[in-house]
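There are 2 protein chains.
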Amino acid sequence: MYPNWLAQRVKMTPNRKALTFGQQSWTFQQLFDEVLEVAGSLKTFGVENGDRIAILSPSKPALIVTIHACWQLGCEVVLLNERLSDGELSYQIDDAQPTLLLVDGGYEERVAIHSPVTMNVLKEKTSVKFEIEDEWPLERTMSIMYTSGTTGNPKGVRQTVQNHTTNATASAFNMGVQSDDVWLCTMPVFHISGLSIFIRSVLYGMEVRLYSKFDLSQVVDDLVNGEVTRMSVVSVMLERILRELEDRDVSVSPRLLTMLVGGGPVPSNYLERAIARGIPILQTYGMTETSSQTATLAPEDAVRKLGSSGKPLYLSFIKIDQATNPFEEGEICIRGGHVTPGYIGRNASTASQVNGWLHTGDIGYFDDEGYLYVVDRRSDLIISGGENIYPAEVENAILQHPMIREAGVCGMSDEKWGQVPAAFIVGDEALSLESLQAFLQDKLAAYKMPKVLYHVKVMPRNASNKLLRRELRAWLTSESKA
Amino acid sequence: MYPNWLAQRVKMTPNRKALTFGQQSWTFQQLFDEVLEVAGSLKTFGVENGDRIAILSPSKPALIVTIHACWQLGCEVVLLNERLSDGELSYQIDDAQPTLLLVDGGYEERVAIHSPVTMNVLKEKTSVKFEIEDEWPLERTMSIMYTSGTTGNPKGVRQTVQNHTTNATASAFNMGVQSDDVWLCTMPVFHISGLSIFIRSVLYGMEVRLYSKFDLSQVVDDLVNGEVTRMSVVSVMLERILRELEDRDVSVSPRLLTMLVGGGPVPSNYLERAIARGIPILQTYGMTETSSQTATLAPEDAVRKLGSSGKPLYLSFIKIDQATNPFEEGEICIRGGHVTPGYIGRNASTASQVNGWLHTGDIGYFDDEGYLYVVDRRSDLIISGGENIYPAEVENAILQHPMIREAGVCGMSDEKWGQVPAAFIVGDEALSLESLQAFLQDKLAAYKMPKVLYHVKVMPRNASNKLLRRELRAWLTSESKA
Chain A
1 MYPNWLAQRV KMTPNRKALT FGQQSWTFQQ LFDEVLEVAG SLKTFGVENG DRIAILSPSK
61 PALIVTIHAC WQLGCEVVLL NERLSDGELS YQIDDAQPTL LLVDGGYEER VAIHSPVTMN
121 VLKEKTSVKF EIEDEWPLER TMSIMYTSGT TGNPKGVRQT VQNHTTNATA SAFNMGVQSD
181 DVWLCTMPVF HISGLSIFIR SVLYGMEVRL YSKFDLSQVV DDLVNGEVTR MSVVSVMLER
241 ILRELEDRDV SVSPRLLTML VGGGPVPSNY LERAIARGIP ILQTYGMTET SSQTATLAPE
301 DAVRKLGSSG KPLYLSFIKI DQATNPFEEG EICIRGGHVT PGYIGRNAST ASQVNGWLHT
361 GDIGYFDDEG YLYVVDRRSD LIISGGENIY PAEVENAILQ HPMIREAGVC GMSDEKWGQV
421 PAAFIVGDEA LSLESLQAFL QDKLAAYKMP KVLYHVKVMP RNASNKLLRR ELRAWLTSES
481 KA
Chain B
1 MYPNWLAQRV KMTPNRKALT FGQQSWTFQQ LFDEVLEVAG SLKTFGVENG DRIAILSPSK
61 PALIVTIHAC WQLGCEVVLL NERLSDGELS YQIDDAQPTL LLVDGGYEER VAIHSPVTMN
121 VLKEKTSVKF EIEDEWPLER TMSIMYTSGT TGNPKGVRQT VQNHTTNATA SAFNMGVQSD
181 DVWLCTMPVF HISGLSIFIR SVLYGMEVRL YSKFDLSQVV DDLVNGEVTR MSVVSVMLER
241 ILRELEDRDV SVSPRLLTML VGGGPVPSNY LERAIARGIP ILQTYGMTET SSQTATLAPE
301 DAVRKLGSSG KPLYLSFIKI DQATNPFEEG EICIRGGHVT PGYIGRNAST ASQVNGWLHT
361 GDIGYFDDEG YLYVVDRRSD LIISGGENIY PAEVENAILQ HPMIREAGVC GMSDEKWGQV
421 PAAFIVGDEA LSLESLQAFL QDKLAAYKMP KVLYHVKVMP RNASNKLLRR ELRAWLTSES
481 KA
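These protein sequences, in sequence, are chains A and B. Per our numbering, the very first residue in the first sequence carries number 1; after that it's consecutive. Per our numbering, the very first residue in the second sequence carries number 1; after that it's consecutive.
None of these hints come from the bench; they were simulated from the model. Among these hints, one or two may not hold up.
The list cannot tell twin chains apart, which means a pair is met if one copy fits it or any two copies do.
Each computed SDA-like pair below joins lysine to any residue, with the alpha-carbon atoms no more than 20 angstroms apart [what the hints assert, rightly or not]:
1. 416 - 356
2. 43 - 307
3. 11 - 374
4. 443 - 388
5. 60 - 307
6. 451 - 126
7. 60 - 464
8. 457 - 354
9. 60 - 475
10. 319 - 1
11. 125 - 445
12. 17 - 369
13. 129 - 180
14. 457 - 304
15. 129 - 378
16. 213 - 453
17. 17 - 346
18. 443 - 433
19. 443 - 468
20. 129 - 97
21. 11 - 319
22. 213 - 442
In this text the structure is predicted, and so the values were computed from the model without any measurement.
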């Protein structure tokens with residue numbers, strides 16, 4: 001059992017700031033009051049403990065309130081990615097079968113066939129009293145996030161009380177906690193990198209400064225003026241922050257203690273520029289299945305261990321499958337209280353662990369000092385501006401086009417997004433990139449859309465006919481050199 | 001399961017400082033190397049996983065190494081209080097039935113009948129290899145400490161992996177963690193206030209600056225020079241530190257973040273003087289059965305909530321038995337992962353909890369803002385210089401004297417120790433305090449010895465013949481007024 005996150009926090013530090021959004025702020029008590037109000041009106045929809053509620057909303061205070069309200073009722077929350085196409089959203093909603101689908105105003109149309117309820121409506125409803133649970137079972141599923149895999153078939157990953165609290169605890173032991181901490185959140189709340197900030201907030205009693213979007217100028221103001229002590233970013237954001245600091249020729253405030261950078265190693269050029277601007281970079285390796293960070297590279301090791309994802313966190317075990325010596329490469333496997341117990345819906349019976357170990361599909365090695373290096377991402381994962389794109393998923397969508405016989409997708413370097421998808425097809429040569437993109441419009445999120453199209457005669461495959469995406473990547477490289 | 005504390009820490013931050021004692025320092029790697037050496041030589045005594053090892057030693061690095069060595073072998077450690085009388089030690093050793101009794105050089109005589117092994121011998125022995133466990137079961141008993149209760153019969157309290165880690169985690173959430181933290185330890189390691197510092201050390205990766213004794217001048221140097229960021233004290237120590245700071249007319253370094261004060265509320269006079277000298281006082285309420293702190297009063301509330309023990313920690317629930325409203329007094333009951341599952345030896349079958357709640361025997365109430373006030377300590381507990389003294393235990397010893405028919409003991413205010421025991425007897429009026437003390441010499445620790453003796457005609461008792469110690473306290477007060 002674990003204490004009810006927000007209820008327990010309110011008992012301890014009711015008057016501490018919990019959330020700031022623009023000019024508005026909420027103490028933990030004020031947040032809790034709103035949460036209970038919304039939870040009470042959710043009750044009028046017949047919501048029961050154990051129900052599943054899906055939410056489609058951009059990052060905003062009402063989303064935070066609604067998530068906590070669902071938790072107060074003992075419900076699981078499916079967090080839907082607003083960047084997905086309508087077709088992708090439908091797939092996930094069908095798979096999750098939520099009791100209730102809540103949407104932010106303006107999104108009703110997109111998921112109309114699933115009879116959504118607008119979040120605003122909840123505030124107007126009469127609130128019904130209900131009993132607040134003091135404690136929650138560790139194995140209770142709190143959040144569900146969809147992520148694709150080898151097959152390109154999105155799976156709803158369960159994140160339990162234990163998963164989230166183990167992660168927040170290991171993070172506290174690693175990067176520390178201060179009573180005046182303020183975490184700047186520009187990461188989407190429907191991603192684990194965003195949601196985990198709000199779990200740390202209630203466990204530590206920490207303020208979150210939330211932005212709906214990545215507002216560069218405002219964010220840099222906050223960093224320079226010492227408004228925040230922690231921030232999570234992906235490389236793309238880091239680069240933009242660096243450029244802005246350089247343009248203004250200023251450094252960040254020494255109050256900034258940690259800039260947590262996810263989504264692959266940080267280029268050495270960024271690192272040097274970050275050091276010059278006083279930014280303490282903590283590179284991290286994690287995923288939806290580990291409820292955020294599982295390894296981090298401390299700032300003092302950033303240059304010495306360039307390209308490494310650092311050491312496993314205190315409550316996390318990492319091993320390289322079948323490797324017995326340092327520098328031996330193999331599949332990265334993870335064990336610990338932060339590892340998901342499994343999936344929901346169509347994949348409910350898919351095992352997430354083998355003998356207690358999560359097999360990530362990522363390839364990596366440990367050096368002789370125990371630092372982890374990720375050399376190849378699972379299933380040729382493409383990371384574009386912090387969003388994960390699984391090539392198989394894009395290929396599956398492309399293959400629905402009648403003029404296409406075979407398809408292969410891989411990541412292509414991109415100045416702005418780090419990577420973007422490139423498509424290779426065997427099919428009618430008359431097909432243009434534009435008409436392929438038009439075809440994919442309602443099937444794929446914009447960020448998953450192929451940005452270039454290559455017609456090829458034969459797809460590179462191995463003896464067992466498996467697509468070799470690394471060959472595609474090699475073609476891209478040789479082409480850009482040519 | 002939980003990671004093996006020290007082994008996991010060494011993987012993360014092998015080169016961070018773990019321990020400083022005088023001019024000597026150990027990194028976590030160096031500590032671990034010594035620990036494995038000692039563990040290996042313990043193996044030559046036939047020690048097995050699950051065995052129980054008792055240790056009698058003052059606070060010193062060898063004690064820390066030995067405790068960790070026992071843990072690496074999967075053993076329970078009984079920590080014996082060196083201040084106890086030989087008779088009291090014998091009772092505890094008989095009760096615990098350890099596989100092995102380890103003592104610091106010079107203490108062999110005191111427990112000779114129990115065939116002790118000197119800790120020094122371990123360093124000379126050949127070390128035998130053994131398999132290091134990666135993970136420990138949460139329910140494994142790590143330490144056992146004896147504490148008396150209502151009956152005056154000392155009970156060996158079990159503290160498990162879960163108890164210690166829950167406590168360290170809640171403490172981190174409450175008072176924060178910084179990567180450059182250094183905790184000054186002058187509390188005895190055989191008490192939970194001392195041992196818990198070393199558990200935080202391995203979980204957080206934090207240095208401990210250990211002293212064998214409370215060396216006032218050295219401690220104040222450390223506080224003033226910014227050598228440490230945290231310290232645990234009892235009121236008696238705090239007062240001596242304050243006087244020394246006042247004599248030198250200096251304040252502590254702003255690097256000092258927390259002075260954790262246990263053993264009853266801090267007098268307002270101390271508080272004001274602490275504020276004047278820059279000491280952030282965190283008053284705390286806890287006990288052996290809760291593996292240290294269970295409630296703390298934040299520095300910002302210290303004056304406003306004078307006399308309070310503060311709010312329950314994040315992973316702790318506290319209720320007042322049968323109270324339904326603020327300010328209603330009743331028995332303080334505690335629930336959470338930090339609460340002991342029970343006792344060993346003669347008391348192995350004594351339940352420590354009722355429906356998951358530890359009944360402390362302490363009387364208290366919550367105010368309307370949820371702050372806990374302890375108004376009467378369990379079983380008329382006397383706290384003398386940070387040591388707990390149970391009147392019943394002292395009475396039992398006194399009653400063995402042939403000239404005494406009835407005995408009652410209560411706490412008497414003392415300038416130096418906070419409280420000292422006062423004895424009331426019904427018996428031969430010829431008996432002097434000195435001859436009673438001589439009789440008790442080998443039965444009671446020096447700090448438990450009655451400092452005054454009153455002959456009375458009748459003991460104050462209630463209708464069911466239960467001794468009313470509060471009447472004895474009232475007699476003392478009226479006498480001192482007279």
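Consistency of the hints with the structure:
{"no.": "1", "hint": "416 - 356", "in the structure": "neither (39 angstroms within a copy, 56 angstroms between copies)"}
{"no.": "2", "hint": "43 - 307", "in the structure": "neither (49 angstroms within a copy, 42 angstroms between copies)"}
{"no.": "3", "hint": "11 - 374", "in the structure": "between (42 angstroms within a copy, 18 angstroms between copies)"}
{"no.": "4", "hint": "443 - 388", "in the structure": "within (16 angstroms within a copy, 70 angstroms between copies)"}
{"no.": "5", "hint": "60 - 307", "in the structure": "neither (34 angstroms within a copy, 42 angstroms between copies)"}
{"no.": "6", "hint": "451 - 126", "in the structure": "neither (49 angstroms within a copy, 67 angstroms between copies)"}
{"no.": "7", "hint": "60 - 464", "in the structure": "neither (48 angstroms within a copy, 64 angstroms between copies)"}
{"no.": "8", "hint": "457 - 354", "in the structure": "neither (39 angstroms within a copy, 75 angstroms between copies)"}
{"no.": "9", "hint": "60 - 475", "in the structure": "neither (43 angstroms within a copy, 65 angstroms between copies)"}
{"no.": "10", "hint": "319 - 1", "in the structure": "between (29 angstroms within a copy, 17 angstroms between copies)"}
{"no.": "11", "hint": "125 - 445", "in the structure": "neither (34 angstroms within a copy, 67 angstroms between copies)"}
{"no.": "12", "hint": "17 - 369", "in the structure": "between (41 angstroms within a copy, 17 angstroms between copies)"}
{"no.": "13", "hint": "129 - 180", "in the structure": "neither (34 angstroms within a copy, 47 angstroms between copies)"}
{"no.": "14", "hint": "457 - 304", "in the structure": "neither (45 angstroms within a copy, 80 angstroms between copies)"}
{"no.": "15", "hint": "129 - 378", "in the structure": "neither (46 angstroms within a copy, 38 angstroms between copies)"}
{"no.": "16", "hint": "213 - 453", "in the structure": "neither (30 angstroms within a copy, 75 angstroms between copies)"}
{"no.": "17", "hint": "17 - 346", "in the structure": "neither (41 angstroms within a copy, 50 angstroms between copies)"}
{"no.": "18", "hint": "443 - 433", "in the structure": "within (15 angstroms within a copy, 92 angstroms between copies)"}
{"no.": "19", "hint": "443 - 468", "in the structure": "neither (24 angstroms within a copy, 80 angstroms between copies)"}
{"no.": "20", "hint": "129 - 97", "in the structure": "neither (26 angstroms within a copy, 55 angstroms between copies)"}
{"no.": "21", "hint": "11 - 319", "in the structure": "between (40 angstroms within a copy, 13 angstroms between copies)"}
{"no.": "22", "hint": "213 - 442", "in the structure": "neither (23 angstroms within a copy, 73 angstroms between copies)"}
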